[in-house]
Every structure is written in C-alpha cells, then in structure tokens.
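A.B. asks: Residues per chain are reported as follows:
There are 4 protein chains.
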Amino acid sequence: MESRRVEALADGIFAISMTLLVLEVHVPALPATATAGQLVTGLLQTWPKFAAYAGSFLILGVLWIGHHNQFQYIRRTNRPFLWMNIFFLMCVGFMPFCTALLGSFIWNRVATAVYGVSLLVTGLTLYGQWRYAAGHGLLGDDATPEIVRATGRRILLGTQGYLVALAISFLSPPIGLALYTLIPFFYLRRSRIDEHLVARGAQRSGG
Amino acid sequence: MESRRVEALADGIFAISMTLLVLEVHVPALPATATAGQLVTGLLQTWPKFAAYAGSFLILGVLWIGHHNQFQYIRRTNRPFLWMNIFFLMCVGFMPFCTALLGSFIWNRVATAVYGVSLLVTGLTLYGQWRYAAGHGLLGDDATPEIVRATGRRILLGTQGYLVALAISFLSPPIGLALYTLIPFFYLRRSRIDEHLVARGAQRSGG
Amino acid sequence: MESRRVEALADGIFAISMTLLVLEVHVPALPATATAGQLVTGLLQTWPKFAAYAGSFLILGVLWIGHHNQFQYIRRTNRPFLWMNIFFLMCVGFMPFCTALLGSFIWNRVATAVYGVSLLVTGLTLYGQWRYAAGHGLLGDDATPEIVRATGRRILLGTQGYLVALAISFLSPPIGLALYTLIPFFYLRRSRIDEHLVARGAQRSGG
Amino acid sequence: MESRRVEALADGIFAISMTLLVLEVHVPALPATATAGQLVTGLLQTWPKFAAYAGSFLILGVLWIGHHNQFQYIRRTNRPFLWMNIFFLMCVGFMPFCTALLGSFIWNRVATAVYGVSLLVTGLTLYGQWRYAAGHGLLGDDATPEIVRATGRRILLGTQGYLVALAISFLSPPIGLALYTLIPFFYLRRSRIDEHLVARGAQRSGG
Numbered sequence: 195m196e197s198r199r200v201e202a203l204a205d206g207i208f209a210i211s212m213t214l215l216v217l218e219v220h221v222p223a224l225p226a227t228a229t230a231g232q233l234v235t236g237l238l239q240t241w242p243k244f245a246a247y248a249g250s251f252l253i254l255g256v257l258w259i260g261h262h263n264q265f266q267y268i269r270r271t272n273r274p275f276l277w278m279n280i281f282f283l284m285c286v287g288f289m290p291f292c293t294a295l296l297g298s299f300i301w302n303r304v305a306t307a308v309y310g311v312s313l314l315v316t317g318l319t320l321y322g323q324w325r326y327a328a329g330h331g332l333l334g335d336d337a338t339p340e341i342v343r344a345t346g347r348r349i350l351l352g353t354q355g356y357l358v359a360l361a362i363s364f365l366s367p368p369i370g371l372a373l374y375t376l377i378p379f380f381y382l383r384r385s386r387i388d389e390h391l392v393a394r395g396a397q398r399s400g401g
Numbered sequence: 195m196e197s198r199r200v201e202a203l204a205d206g207i208f209a210i211s212m213t214l215l216v217l218e219v220h221v222p223a224l225p226a227t228a229t230a231g232q233l234v235t236g237l238l239q240t241w242p243k244f245a246a247y248a249g250s251f252l253i254l255g256v257l258w259i260g261h262h263n264q265f266q267y268i269r270r271t272n273r274p275f276l277w278m279n280i281f282f283l284m285c286v287g288f289m290p291f292c293t294a295l296l297g298s299f300i301w302n303r304v305a306t307a308v309y310g311v312s313l314l315v316t317g318l319t320l321y322g323q324w325r326y327a328a329g330h331g332l333l334g335d336d337a338t339p340e341i342v343r344a345t346g347r348r349i350l351l352g353t354q355g356y357l358v359a360l361a362i363s364f365l366s367p368p369i370g371l372a373l374y375t376l377i378p379f380f381y382l383r384r385s386r387i388d389e390h391l392v393a394r395g396a397q398r399s400g401g
Numbered sequence: 195m196e197s198r199r200v201e202a203l204a205d206g207i208f209a210i211s212m213t214l215l216v217l218e219v220h221v222p223a224l225p226a227t228a229t230a231g232q233l234v235t236g237l238l239q240t241w242p243k244f245a246a247y248a249g250s251f252l253i254l255g256v257l258w259i260g261h262h263n264q265f266q267y268i269r270r271t272n273r274p275f276l277w278m279n280i281f282f283l284m285c286v287g288f289m290p291f292c293t294a295l296l297g298s299f300i301w302n303r304v305a306t307a308v309y310g311v312s313l314l315v316t317g318l319t320l321y322g323q324w325r326y327a328a329g330h331g332l333l334g335d336d337a338t339p340e341i342v343r344a345t346g347r348r349i350l351l352g353t354q355g356y357l358v359a360l361a362i363s364f365l366s367p368p369i370g371l372a373l374y375t376l377i378p379f380f381y382l383r384r385s386r387i388d389e390h391l392v393a394r395g396a397q398r399s400g401g
Numbered sequence: 195m196e197s198r199r200v201e202a203l204a205d206g207i208f209a210i211s212m213t214l215l216v217l218e219v220h221v222p223a224l225p226a227t228a229t230a231g232q233l234v235t236g237l238l239q240t241w242p243k244f245a246a247y248a249g250s251f252l253i254l255g256v257l258w259i260g261h262h263n264q265f266q267y268i269r270r271t272n273r274p275f276l277w278m279n280i281f282f283l284m285c286v287g288f289m290p291f292c293t294a295l296l297g298s299f300i301w302n303r304v305a306t307a308v309y310g311v312s313l314l315v316t317g318l319t320l321y322g323q324w325r326y327a328a329g330h331g332l333l334g335d336d337a338t339p340e341i342v343r344a345t346g347r348r349i350l351l352g353t354q355g356y357l358v359a360l361a362i363s364f365l366s367p368p369i370g371l372a373l374y375t376l377i378p379f380f381y382l383r384r385s386r387i388d389e390h391l392v393a394r395g396a397q398r399s400g401g
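Protein chains in written order, with our numbering: chain S, 195 to 401; chain G, 195 to 401; chain B, 195 to 401; chain Z, 195 to 401.
Just so you know, these hints were derived from the structure itself, not from any lab.
Keep in mind that a hint or two might mislead.
Some chain S residues flagged as far from chain Z (calculated, every beta-carbon gap over 12 Å) [as the list claims (entries may be wrong)]:
{"id": "1", "residue": "D205"}
{"id": "2", "residue": "L214"}
{"id": "3", "residue": "L217"}
{"id": "4", "residue": "V219"}
{"id": "5", "residue": "A230"}
{"id": "6", "residue": "L237"}
{"id": "7", "residue": "F265"}
{"id": "8", "residue": "W301"}
{"id": "9", "residue": "S312"}
{"id": "10", "residue": "R325"}
{"id": "11", "residue": "Q354"}
{"id": "12", "residue": "I369"}
Below, a sample of chain S positions facing chain G; criterion: calculated Cβ distance under 8 Å [what the hints assert, rightly or not]:
{"id": "13", "residue": "S211"}
{"id": "14", "residue": "L276"}
{"id": "15", "residue": "M278"}
Distance windows between CB atoms, simulated [to be verified]:
{"id": "16", "chain 1": "G", "residue 1": "F379", "chain 2": "Z", "residue 2": "A344", "range": "24 to 30 Å"}
{"id": "17", "chain 1": "G", "residue 1": "W241", "chain 2": "Z", "residue 2": "S366", "range": "27 to 33 Å"}
{"id": "18", "chain 1": "Z", "residue 1": "A223", "chain 2": "G", "residue 2": "R343", "range": "40 to 46 Å"}
All residues carry an ideal CB built from backbone N, CA and C; glycine is no exception.
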C-alpha cells in the first residue's frame, strides 16, 4: 500500500486541527456598541485562549514536522502501521478539545494534566509507529541504523520533556504551562536527520 | 476522468469529518474558577462524548482504508461512479451528526438506530460502488476476479456486523454500542488483499 | 503558473464546505433522558435541515464535478483566471450559510431567493471562467471548439434551471425548492464531454 | 526536505481558514415563522459580517497566491524555513478570529487595529521567509536576482498598504476599512513575476 494517501489524510487532519483551534478563541461577549476601552479589556481577559491557540499550533507544528520527517523514509505501509497512524491522528484530532479545556481552565491542574497526558500519548504513538516501521521493513534503504536511532531519540526527547512538564504542572500549573510552550522551541535546533536528508537530496539531484 | 481528484476530495471529506467529530466534545460548562474535583466530575460525565468520538474516528478510519484500498485498483472513473462516490461521501460527512446524536442520547434506542442505519447505508454504498466499478471495466488488470470477490466480501462482512449490532441495539442499546465499537477491530486482521497489494508492489519495484 | 495547486485549494474548499453543511444539522434540544418517541418527533421536526444538507451536498457535488471537468483541459493559469477561481470558491464557501438560512426558514421566500441567487452567481462564475480560459489560450489542444461549446452549454443549462427555480420560488417556495433539488439529477446524464474524456484517455494509454 | 508536503499543509490551512470564515456569518436569530420583510431586515443588519467574509476571503486569496508564487521557485526547505512557514500559517489560521471580531465590532477602532496588525504581521512573515529562502540557497536557479527583488517588493507594497490603512483606521475606521478591502484589488494587476513564470513555462514545454 502506498504511503501517499496516508500523508494526504495526515496533512488534512493536521491542517484542520490546527485551524479548528481558532474556533475556541471567542470574540468577547460585549454589545456591538462597546467602547474601545471595553473591547481592549475584553480581549486582554481572553489571553489564556490566545496563549492556548499559539501553544497548541506550535506543538501541532512540531508533531507535523516529526510525522513529515518519518515519511521521508517510509516506502511501504501495512495494515498495523495504517492503524497506528489512525490512532496517532485520533490524538492529533483531539488537540482542539484539550486546547479548549486549557483555555477555559488555565490554572486548573486537571486541565493541564489532560493536556500533558494527551501530548505524552501522541508522542509515544509517533515513537511507536517509527519503531514498528523500522522493525518491519517499511523504511527505505537510506534509513541507516544511525538515522533510525537519531529519529527515535529526537521524538523521545520531546516526549520526556512533556513528561517532566506534566509532573511539574501538578506542583505548579504556571511553570508546567511555560514548559509546554518552551518544548517546541527545542525542535528549532538543526538535527542530524536534517543533515542526512540534505545530503541525500544533494546526492540524488547531483551525480 | 482521472481518479486522482476524486481521491483528493475523499481524503478531504474524511479528514474533515474525522476532525469535526471533536467539536461535539464540549468543555464542561463550569465557571473558570471550578476546582480540580469539579472538573474531573464534569469530564467523567462527558464520557459518552469521548466514547462516541473514539468509536466514530475508528469507524471512519476503517471506511477510509476501505475506500483507499478500492482506489488502489481503480484506473478509470465515469459519471455514475463519481456520483456513487459523492453519495458515499455524503454519508461520511453525515457521521459527525450521528456521533453528536449518539453522544447526547447514549442510551436511547433511536440514537443507536440512526447511527447503525447510517453505517449500514455507508457500507452498502461502498460495496455498491466496488461492484459497479468491477462490472463496468473501471478496474485495472491487476484486479483479478479473486481480488474483486475478496474485497467485496470484506466490505460486506463489516456491513453484516453493523446489521447484527443494529438489531441487537433495539433489544439492548449497551450491547449494540459495544458491538459497533468492536467491529472496527475485526479489520485489524491482515487480509488477502494486503498480501496481493504487497506482492504486486514487490513485483513492480523488483524485476 | 501551474494549475495543480489551484485544484488543491479548490478540492480543499469544496471538501470543507460540503462537510461544514452538517454543522447546521443540530441535535434536537431535548434532555438526555428523552424517550425514544420524543427523540423521533424531535428528529422529524428537523427535516428541513436534513433536506437542506442533502440538497446542498448534491449541488456542491455537481459544481465540483463541473470544476473538475474544466481542469481536465486547463493547461495554464494566469492572474485574472486565478482571481475568477477565488471568486468562484468564495461562492462555494458561502453555501453553508445559504443552506443554514434555508434550513431555518424553509418556507420563507427570502431564504429560497438568497439560495437561488447564490447558485446563479456561482454557476455564472463557473461559466465565465471557462469562457475566459477558452478565449485566453489557457486550454490544452485537446479542448476542441466543440468541447468548449458543449462544456459551456452544460454549465449554462443548469444555471438556467436555477433561474427558473428561483422565479418559481417567488410564486411558490415548495415547488421552487423541489426544482433546486431535482436539477442536480439532470447532471447524472452521460454527456458528450464524458465520451470525449474517455476517448482521449483511451488514446493516451493506447497506441 | 521536500516542499510538496509544506504546500499540502499550507493549501489545507488556507482552504479551511477561508471556509471557516463563513461560520461567523450567523443566520438571523428570528423565529422560523418570521415574515419575508423581517428576514430581509435581519439579513441587512448582518451586513458587517458579509463584508468581513468577502474582504477576508479576498485577502486570504491574495496571501495564498503570494505563497503559491513563492513556492514556484522554492526547491529545498530546511528547518528554520519550515518554522517560518508554520508561523505564517498560524497567522493565516488566526484570520477567522480577526474577521469575527471585525464583523461584531465594525466601527470599533480596536477591532480594525487588531485586524490590521494581524495582516501586517502576516505580510511581514511572508516577506521574511522569502528573504530567508533567497539568502539561504533554497530557491531554484530560475529565481534570478531581479525576480527575487520583484517578488519581495510586491509583498512589501501590500504590507505597506496595510500599514497606511491601519494608521488611517485610528483616525476613521470607515476609511481604514475601505482601504483594507481595496488593497487586494491592487494585486489583480499583472506583475513582472507572472511574465517570468509564463516565459519559464513556455521555455520548458517548448524547445
């Protein structure tokens, strides 16, 4: 089974989940005749929703790049792999709910915990499907053992970060939340996988 | 007419329907100052919505894989086939409503019946368009009679399962619901079609 | 400028508009403990929403096939053509609103008129962009003058049908509505364009 | 890393944002038995929502064409570029909120300012990622220095327009709003980039 349509479904679900996040940012419930000052106050009070939108958009961006990178190497799919993907996408599609929950109850330990557990499960699924693909011959020859390890480690690192953030959020939701938001920036760093993909691309288009 | 854009529309409608399901899972209607305990209680009371989300996501996943598998063999489309696809996608796009209905009235025979009938019609449409494609020369040469039969049988099996679940749900909604949720797992089994597709792929990339 | 991404945007907007229609079909506002009988009554009273969903889904299906057929011949795009497409998609994206209006005020002349005018404008835009493409060398060589005429005529026929339905809906909304719903079925007929596309496909893959 | 899936994600997010805009245009809150006159009045009072829908759809159309044009030249992507794209898409996905705000508080300076600032940031991001791509060898050889400059200038021109409209909207929201709506029409003009792309296309398919 080709991987092209799996990617199409994944891109669709990512795009929609990322865009649906904004539906949770409601316009302040003020009369149409509200003054500028009232509207500013109304918008400022909505800050947890804005923060939740931006944070979740970035996190979904990280996950999308991770999924994207995996499929650079995946050559074949099979039924269990398809199902892992569907479960992964079910977690992705659940993010708008977690984001809405967090935006509504920003200082509530339960909301931060639901958000964190959801991220953990999503990260572990992404890791699991990578390990499965590597162990069942679904990757191309260019996925050297080193690349398989580096990719797996990179997914796990973020997931461990979410585990720590989750634990901390029980002690202090604000610090936990700050960590959730900072973890995506870790992925801005250039990785060994990037170098490999660039080198591979050069090799292909070159000699 | 090429099948590429039909697949694009189908992937889009599947992706959106699967993601819209989450809009029916509402954040508990509690004040922003709710305690952790109140939020836990509120979330636990929402369980039918979570269950309906997960169940419908899996079922749409099964249908998407089924549609995906059909298009591995479809080489041509014609106008009636396009219309069957549009009717099939109309059923897929109706799932968020059925899911919302079930999530709101989980123990109500009418909600489980609407859900079951909708699945039945969807499955029969998928079966019908496969039979039509096979009978009107829309399939490629690699779709041997055996594959045509095996694919049809596989779709019908699940549809028969939904028929049984529907009948049982009139006697007992809980058991009917449990069956609805279990049927997708039947599709986890490796099928003869998978083997055929793998063999065909190997043949193509190999000698 | 390639036409591939225009098609991708169009497929996306069609898929989302078709799927968003279902958000206007609300679950009956009944307590969770409603009896089966109450739920049946509640669902039956929602019939205009179901009808509006099905009707609009079919009409969008017709428009999508029309757009799809045009792009079988389009080889190039330019800026004005891109803008006509964006205007066309703006009409497509407006359909969920017209559908919601009709679903809420099914016997109101204004609702049926807004719906009809919207369909007219959409059809005329689709016709206009086809004429523009034909007149500005955006079509491939396989778009013979006969095909250009047949395609244009086919779009206009439906649009004229909507004009008639619109006029009738002022006299009698029920008959107007019935016509709106029947027009898509006219497009089920096999057209000369289909034969041409099939012949062209055979020629390509054949000798 | 290939640019194909970035385009797929972008097309998805554009398509969804453009389509979600319509969810902010609510059906008038009237009883189902409202007279034709009442419904007309109700719809006319909704005009700011219609205007906001049309204006934002056009503006997103402009941005989509701009993004589309950039990717005609982009051959490679890297991690920072991917992140700039995700930030750009975050701005795009935020447009439905800005549009809803404007539709609800059309004469309020704060709403027009939020809308304008959002457009400014979006435009600057699109400009920034183009400069980055040009400066880091992500473009193909056909992106001559002249094309790089012309494309950049074109994005900046619109962005400067939004800056002026923003400043004016503080003095007079109506004039500011009119400007927001007129700026997209500036992009209807044929640009040097179009000519280049057409020439390039002719060269490729020709000798």
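A.B. asks: Failing hints, ascending?
C.D. replies: 1, 2, 3, 4, 5, 6, 7, 15, 16, 17, 18
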